[in-house]
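Going down the list, the sequences are from chains F and A. Each residue of the first sequence is one higher than the one before, counting from -18 in the working numbering. Each residue of the second sequence is one higher than the one before, counting from 43 in the working numbering.
Check before you lean on any hint, since a few could be wrong.
Stated by the list, open to error - With a straight-line Cα cutoff of 20 Å, these simulated DMTMM-like cross-link-like pairs (lysine to aspartate or glutamate) come out:
1) A:87 to F:89
2) F:140 to F:98
3) A:87 to F:81
4) A:277 to A:90
5) F:226 to F:199
6) F:140 to F:91
7) A:87 to F:38
8) F:-1 to F:38
9) F:93 to F:75
Claimed, not checked - To give a feel for the contact side, a few chain A residues facing chain F, derived at Cβ under 8 Å:
10) 45
11) 79
12) 168
13) 169
14) 172
15) 174
16) 175
17) 176
18) 177
19) 178
20) 182
Hints in this document: simulated from the structure, not taken from any laboratory. C-beta atoms are modelled at their ideal positions from N, C-alpha and C, and glycine is treated no differently.
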Amino acid sequence: MSDSIRIVGLQKSFGAQKVLQGVDLELPLGQITVVIGRSGTGKSVLLKTLMGLMRPDGGSILIGGQDITRLGDRELMRVRNRFGMVFQHAALFDSMTVFDNVAFPLREHDRKMKEAEVKRRVDAALADVGLAEAGHKWVHELSGGMRKRAAVARALVRKPEFLLYDEPTTGLDPIMTAHVDELIRSAQDHTEGLTSLIISHDMQATMRIADKVAMLHEGRIIHEGTPEDFQTSSHPVVRQFVDGKLEGPIQV
Amino acid sequence: MKDSISLLGGVVLRVVEDVGQYARFTMTAVLGIVRPPYRWRLLFKQMEFVGNGSLSIVAITGVFTGMVFAVQSDYAFGMFGARGLLGSTVVLALTRELGPVLTSLMVNGRVGSAMAAELGTMRVTEQIDALESMAIDPIQYLASPRILASMLMLPILCATFDAVGAIGVSYVATYTLGVNPGPFFDRMMWYVDTDDIWGGMLKSAIFGFLLSSIGCYRGYYARGGAEGVGQATTKAVVAAGVLILVVDYFVSLILAPMSVNRS
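Make a model of the complete structure from these sequences and hints.
In structure tokens, the structure reads:
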């Protein structure tokens, strides 16, 4: 049985720069939540803090009522086992083939799994993302879109409860963006109880895949709701961001 | 004056912080060697990289060091009419000092730099974050096999250096310099003890630990893209090179009384 994630008053600073200044957000069970915001507003920091890759300065991250910000390194490792993550630039291991990248979490964590079973699951994961024929390729032989899809396959292969995406469509052409969006939606629909968080500033993609949208601005969530709420919101910051206008409260 | 003190304080703080971070990193890596999971495949891969990959440069360095050392020593011993001591003196120097130190410095240039660059690149491309996100201890996965492989392979490389160095000395002394082979080999066998070889191999294992742990540490904490990786690599090679020479002195001080007791 999966748990929902609740973020309460999360704070993170780097020196004098306050990046997260009290983020409150709930990720509903089995849904895709997209956090939008301008570049440099701390979206990736929020993601890495949620994963335990960065320690917050204050606040809580509650998974099924357990505050993971207070866990030690070993306990945090166990919590991370429940997560999958797709990094902004895929972060595939360039010393391995695509197949070995996807097989890596299985071989590391399910050490007793027979190689035939590993192969079966990796082949299935690669087929799901449309890379059935690319398993033998090295990472440097892949296009940007193929890397993202391979990263999705790697994140999904162990069937995580929570899947985090850091700007999954950045740098892709519109067709590949639509393809990756469809892949994310399909992964969500075909994985029971999967709770996803996507960091993005792509409004079109957000409208296509989100169940819930939250906007991060100046270290806080200033607005949250359904994609439709965002389209009709009268909040000046949201309005400027959604419409992509230069005039408004957000100064460039 | 106040500014100078504050500047000095800042430097001292940074050094203390760096040493503390290195100690913590190394401790985690060493614990990672003894703690499961054991990744034999990674260990053998690193042993092949450190050992087999360095064999040719170590052999070439060893043979030419022995040869040039023979030429220079012959000149010096010739002034005192003690050319018969050439073999034993040069081979003692090779096994006790030159073997472990030069082997480690050569391997540091090749392996220490590669470890720093590889881990640094993994850091700046988020591959280390990816490991962590998959609930894998990145220090145990990346640093532990590299450190253990270096500690296992450096003594073997050092022994290779000693052997080819001795061959180089023997060739130059007996064929080129015309030293009488009888006394040459006789004294070499008489003065050079297995303890000298073991001592050199022990030193090289320590140096292997130093160069690999520093290389991994610098790479692991690299920041700032390609430039950061470059800086981390340079720092790793320089720090390990200097530390090998410093630590060599102290290890020699510890090993010297054992040699005295033996004689």
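To see whether the hints hold, each was checked on the structure:
1. A:87 to F:89: Given pair residue 87 (chain A), residue 89 (chain F) holds - Cα atoms ~17 Å apart, limit 20 Å.
2. F:140 to F:98: 15 Å, holds
3. A:87 to F:81: Answer holds: residue 87 (chain A) to residue 81 (chain F) is near 16 Å, not above 20 Å.
4. A:277 to A:90: 25 Å, violated
5. F:226 to F:199: At roughly 18 Å apart (the allowed maximum being 20 Å), residue 199 (chain F) and residue 226 (chain F) satisfy the hint.
6. F:140 to F:91: 12 Å, holds
7. A:87 to F:38: Given that 20 Å is the threshold and the Cα spacing comes to 40 Å, the pair is violated.
8. F:-1 to F:38: Measuring from Cα to Cα gives roughly 10 Å; hence the hint holds.
9. F:93 to F:75: 25 Å, violated
10. 45: 21 Å, violated
11. 79: At 7 Å from the nearest chain F Cβ, residue 79 (chain A) passes the 8 Å test, so the hint holds.
12. 168: Cβ of residue 168 (chain A) sits 4 Å from chain F, so the hint holds.
13. 169: Result: holds, 5 Å to nearest chain F Cβ.
14. 172: 4 Å, holds
15. 174: Status holds, d = 6 Å.
16. 175: 4 Å, holds
17. 176: Hint holds; residue 176 (chain A) Cβ to chain F Cβ min 5 Å, cut 8 Å.
18. 177: With a closest approach of 4 Å, the residue 177 (chain A) hint holds.
19. 178: 6 Å, holds
20. 182: Since the shortest Cβ distance to chain F is 11 Å, the answer is violated.
Comparing the model with each earlier hint shows violations of hints 4, 7, 9, 10 and 20; every other hint is respected.
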